[in-house]
Amino acid sequence: MTLYIFLTLAVISVITALLMVFTRNPVHSVIYLILTFFSIAGQYVLLNAQFLAVVHIIVYAGAIMVLFLFVLMLLNLNADTEPQKSNGWKLSAAIAAGLLLVTLVGALRGSIQVNIPETADGSVGLVENLGKALFTDFVVPFEIAGILFLAAMVGAVLVGKRDLKV
Amino acid sequence: MTALLLITLALLTEKIILILVLFGLTLGVAAYSTYGERKVAAFLQDRLGPNRAGPFGLLQPLVDGAKMFTKEDFMPNAAERWLYILAPGAFMFVALMTSAVIPWGTQLTLFGTPVDLQVADLNIGILYIMGFTSLGVYGIMVGGWASNNKYSLYGAIRASAQMVSYELAMGLAIIAVVMLTGTLSLKEMAAQQAGFNWNIWYQPLGFLIFFVCSLAECNRAPFDMAECETELIGGYHTEYSSMKLGFYLFAEYINMFISCAVISTLYFGGYNFPGIDPGWLGGLMGPIVLLAKTFFFIFVFMWIRWTIPRFRYDQLMRLGWKSLIPLAILNMVLTGAGVLLFSN
Numbered sequence: 001m002t003l004y005i006f007l008t009l010a011v012i013s014v015i016t017a018l019l020m021v022f023t024r025n026p027v028h029s030v031i032y033l034i035l036t037f038f039s040i041a042g043q044y045v046l047l048n049a050q051f052l053a054v055v056h057i058i059v060y061a062g063a064i065m066v067l068f069l070f071v072l073m074l075l076n077l078n079a080d081t082e083p084q085k086s087n088g089w090k091l092s093a094a095i096a097a098g099l100l101l102v103t104l105v106g107a108l109r110g111s112i113q114v115n116i117p118e119t120a121d122g123s124v125g126l127v128e129n130l131g132k133a134l135f136t137d138f139v140v141p142f143e144i145a146g147i148l149f150l151a152a153m154v155g156a157v158l159v160g161k162r163d164l165k166v
Numbered sequence: 001m002t003a004l005l006l007i008t009l010a011l012l013t014e015k016i017i018l019i020l021v022l023f024g025l026t027l028g029v030a031a032y033s034t035y036g037e038r039k040v041a042a043f044l045q046d047r048l049g050p051n052r053a054g055p056f057g058l059l060q061p062l063v064d065g066a067k068m069f070t071k072e073d074f075m076p077n078a079a080e081r082w083l084y085i086l087a088p089g090a091f092m093f094v095a096l097m098t099s100a101v102i103p104w105g106t107q108l109t110l111f112g113t114p115v116d117l118q119v120a121d122l123n124i125g126i127l128y129i130m131g132f133t134s135l136g137v138y139g140i141m142v143g144g145w146a147s148n149n150k151y152s153l154y155g156a157i158r159a160s161a162q163m164v165s166y167e168l169a170m171g172l173a174i175i176a177v178v179m180l181t182g183t184l185s186l187k188e189m190a191a192q193q194a195g196f197n198w199n200i201w202y203q204p205l206g207f208l209i210f211f212v213c214s215l216a217e218c219n220r221a222p223f224d225m226a227e228c229e230t231e232l233i234g235g236y237h238t239e240y241s242s243m244k245l246g247f248y249l250f251a252e253y254i255n256m257f258i259s260c261a262v263i264s265t266l267y268f269g270g271y272n273f274p275g276i277d278p279g280w281l282g283g284l285m286g287p288i289v290l291l292a293k294t295f296f297f298i299f300v301f302m303w304i305r306w307t308i309p310r311f312r313y314d315q316l317m318r319l320g321w322k323s324l325i326p327l328a329i330l331n332m333v334l335t336g337a338g339v340l341l342f343s344n
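These protein sequences, in sequence, are chains A and B.
Residues in the first sequence are numbered from 1 upward in steps of one, following the numbering used here.
Residues in the second sequence are numbered from 1 upward in steps of one, following the numbering used here.
Hints may be right or wrong, so weigh each one.
[What the hints assert, rightly or not] Computed far set for chain A versus chain B, every beta-carbon distance over 10 Å:
{"id": "1", "residue": "THR16"}
{"id": "2", "residue": "GLN43"}
{"id": "3", "residue": "LEU47"}
{"id": "4", "residue": "ALA61"}
{"id": "5", "residue": "ALA107"}
{"id": "6", "residue": "ARG109"}
{"id": "7", "residue": "LEU134"}
{"id": "8", "residue": "VAL154"}
{"id": "9", "residue": "LYS161"}
[What the hints assert, rightly or not] Using C-beta positions, here's what the derived DEER-type ranges look like:
{"id": "10", "chain 1": "A", "residue 1": "ALA156", "chain 2": "B", "residue 2": "GLU231", "range": "25 to 31 Å"}
{"id": "11", "chain 1": "B", "residue 1": "PHE196", "chain 2": "A", "residue 2": "LEU134", "range": "33 to 39 Å"}
{"id": "12", "chain 1": "B", "residue 1": "THR8", "chain 2": "A", "residue 2": "LYS161", "range": "42 to 48 Å"}
{"id": "13", "chain 1": "B", "residue 1": "ASN77", "chain 2": "A", "residue 2": "VAL139", "range": "56 to 62 Å"}
{"id": "14", "chain 1": "B", "residue 1": "PHE196", "chain 2": "A", "residue 2": "GLY155", "range": "21 to 27 Å"}
{"id": "15", "chain 1": "B", "residue 1": "ARG312", "chain 2": "A", "residue 2": "GLU143", "range": "38 to 44 Å"}
{"id": "16", "chain 1": "A", "residue 1": "GLY155", "chain 2": "B", "residue 2": "LEU20", "range": "37 to 43 Å"}
{"id": "17", "chain 1": "A", "residue 1": "ALA145", "chain 2": "B", "residue 2": "GLU188", "range": "27 to 33 Å"}
{"id": "18", "chain 1": "A", "residue 1": "GLU143", "chain 2": "B", "residue 2": "ILE304", "range": "39 to 45 Å"}
{"id": "19", "chain 1": "A", "residue 1": "ILE147", "chain 2": "B", "residue 2": "THR13", "range": "32 to 38 Å"}
{"id": "20", "chain 1": "B", "residue 1": "LYS15", "chain 2": "A", "residue 2": "LEU148", "range": "16 to 22 Å"}
{"id": "21", "chain 1": "B", "residue 1": "ASP314", "chain 2": "A", "residue 2": "ALA145", "range": "31 to 37 Å"}
[Claimed, not checked] Just so you have them, the derived chain B footprint on chain A, three or more residues with Cβ under 8 Å:
{"id": "22", "stretch": "51-57"}
{"id": "23", "stretch": "141-150"}
Since the hints were derived computationally from the structure, they do not count as laboratory data.
Computed from a predicted model, the values in this text were never measured in an experiment.
Glycine included, every Cβ here is placed at the ideal spot set by N, Cα and C.
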C-alpha cells in the first residue's frame, strides 16, 4: 500500500516538475511547482515526518510561492513577453547544466552511506524529537543559520531603501 | 490479519460518517450565517431584514442558493479558461479542509463503541490550520488573475499582500499559545483548558492579535480590501457569476465559521465550560458548547462588520507590520518569561 502511494506521489512530482520547466506561461509554471511541493510533502507524511511536511507546505507553498505569484502578477509576464534567447545561449546553458549534473553525480557517488538510526516506532520526524535534536546536538549550526537569515533580512531591507546615504 | 482489517474498516466508516456530518454541519452553518448576517445588519441599522421567504425569512438561504444556481454562468472571452474554473473550487476546498483537526468534544458513545469527536488528531494540528490558511490566498489570486480584468487583478494583489502580512502576526500569536500549553495538538490544548482554566486568562494580548488577524485572513470588514466595491467594483470576483461567485461568497462564510471555532478552541476552552461536563447527553454536550461559543464569535464578526468602516490600504499595512507584529513579539517574550518563572 505504502509503495503504491509512494509511486503515485513520485510520478506526480516528476511530471509536475517537468511541466513546470517546459510550460511557456510563468503563472502556470508557479502552479505546477506548487503541485510538486504538495507531492513532496506527501512523501514526508509517508516517512512519518508530519512536522516537516506541514512546514514544507507553510514555507514553500504558503509563503514563497505566494510572493513569486505576486511578483509575476505585478510584472504582468506572460507567454508573449517571455524573452527568447539565441541558440548560442541555449547551447551554453545546456552544457553548463550538464557539467553541474556530472559534478553532483560524481560527488554523490563517492560519498559515505549514512546510517539512519531506525527507531522502532518511526518517530524520528515527529516534532518533539526534531526539536530536541535541533536544540541539543545541532544547536550551533541552528543558531548560525538563524543569524544568516537575520543578516539576509537586514540586507534585503537595505537594498530596498532608495535614499540610502553610505 | 482479518481482525486488523475489520478494525480499520470500522474506523474508516466511523471517520467517513464523521466527515460527512461535519461537512453538512459546516455547509448548514455557512448557509445560515448569510441569513444571520442580514438579520444582524438589519438589527444594527434598525431595519427588519429578510422576512418574506418562510416564517421570519428562515427559507432565505435556500431561495438565495436556488437563485445562484439558476443564474447565467458567464465567462469572459479573454479569461484563462481552466484556471478561471478551478480557482473557486480550490478556494472552497481549502476552506473545507481546515475543519478536520478541530476537536468537537471528548467522546461520543454510539452503539456501545466510543467515537472520538475529531476527524484527525494530528500532533501538529495547529500548524495544519496555519498551512491551509496560507493556501487560501491561491483561490483568490489565481481567480483574480485568470479573469483578465484589471480590477480583479488589483483585488487579487491586495488580498495576497494582506494575507501574507497578517499571517506573520497570527503565527507569532500562536507560538505564544504553543509555549503556554506545550503542545501543537488541538485535542490536547482543548483538554488542558478543562473547567474555567481557559487560555484567555493567560493570553489576553495574544487573543486580541489573533482575533484581528482572523478578521484580516477571512477578508472580513474592516479589512475587506480585496473586494472594496467603491474602488474595485467587486475586487477579485468581479468577473464571476452564478455558482462560481456563490462558491467564493460561501467559502468566506465557511472560513469565518472555522476561524471562530479555532478561536474558541485556542483561547476560550474549546468544548469546556465550568459546571458543564462535555460528556453529558452521551457526549453531545461538548459539540453544543463549542458551537455556542462559535456562534457568539460569528456574531462578533458581524457586529464589527456593520459597525466599523473600512480601513484605507496604507492603514491596513501599517497596522499589520508596525503594530501587530511588534506587539506579537512582545507577547511572545512575555509569555516565554512567564512560562520560565511560573512553570516550576
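Status of the hints after comparison with the structure:
Annotated as non-interface, THR16/A keeps its C-beta farther than 10 Å from every C-beta of chain B; the closest such distance is 15 Å. Non-interface call for GLN43/A relative to chain B: holds, since the shortest CB-CB distance, roughly 16 Å, exceeds 10 Å. No Cβ of chain B approaches the Cβ of LEU47/A within 10 Å, the least distance being about 14 Å, so the stated non-interface status holds. For ALA61/A, the requirement that its beta carbon stay farther than 10 Å from each beta carbon of chain B is not met, with the minimum near 6 Å.
In this structure ALA107/A is separated from chain B by more than 10 Å, as the shortest Cβ-Cβ distance comes to about 33 Å. Distance check for ARG109/A against chain B: the nearest CB is about 36 Å away, which clears 10 Å, and the non-interface claim stands. With a closest Cβ-Cβ approach of about 15 Å to chain B, LEU134/A is found to remain outside the 10 Å limit, as its non-interface label requires. Against chain B, the non-interface label of VAL154/A holds: every CB pair exceeds 10 Å, the least being about 16 Å.
Every CB of chain B is more than 10 Å from the CB of LYS161/A (nearest about 15 Å), matching its label as outside the interface. Remark: the range hint 25 to 31 Å for ALA156/A to GLU231/B is upheld by a beta-carbon distance near 30 Å. Distance hint for PHE196/B and LEU134/A: a CB-CB separation of about 36 Å, consistent with the stated range 33 to 39 Å. Checked against the hint of 42 to 48 Å, the C-beta distance between THR8/B and LYS161/A comes to roughly 59 Å, which is inconsistent with it.
Against the hinted window of 56 to 62 Å, the Cβ-Cβ separation of ASN77/B and VAL139/A comes to about 59 Å, which satisfies the hint. The given range of 21 to 27 Å is broken by PHE196/B and GLY155/A, whose C-beta atoms sit roughly 49 Å from each other. For the pair ARG312/B and GLU143/A, the beta carbons lie near 41 Å from each other, so the given range of 38 to 44 Å is met. Checked against the hint of 37 to 43 Å, the pair GLY155/A and LEU20/B fails, with Cβ atoms roughly 51 Å apart.
The hint said 27 to 33 Å for the Cβ distance between ALA145/A and GLU188/B, and at roughly 29 Å that hint holds. Between GLU143/A and ILE304/B, the C-beta spacing of about 42 Å keeps the proposed range 39 to 45 Å intact. Taken as a hint, the range 32 to 38 Å is violated for the pair ILE147/A and THR13/B, whose Cβ atoms sit roughly 52 Å apart. Roughly 43 Å separates the CB atoms of LYS15/B and LEU148/A, a value that falls outside the hinted 16 to 22 Å.
For ASP314/B paired with ALA145/A, a C-beta distance near 34 Å keeps the hint of 31 to 37 Å intact. With 4 residues carrying a beta carbon less than 8 Å from a beta carbon of chain B, the stretch 51-57 of chain A meets the three-residue requirement, and the given coverage holds. With 0 residues having a beta carbon nearer than 8 Å to a beta carbon of chain B, the stretch 141-150 of chain A misses the requirement of three or more and the stated coverage is violated.
Hints 4, 12, 14, 16, 19, 20 and 23 from the earlier list are contradicted by this structure; the remaining hints agree with it.
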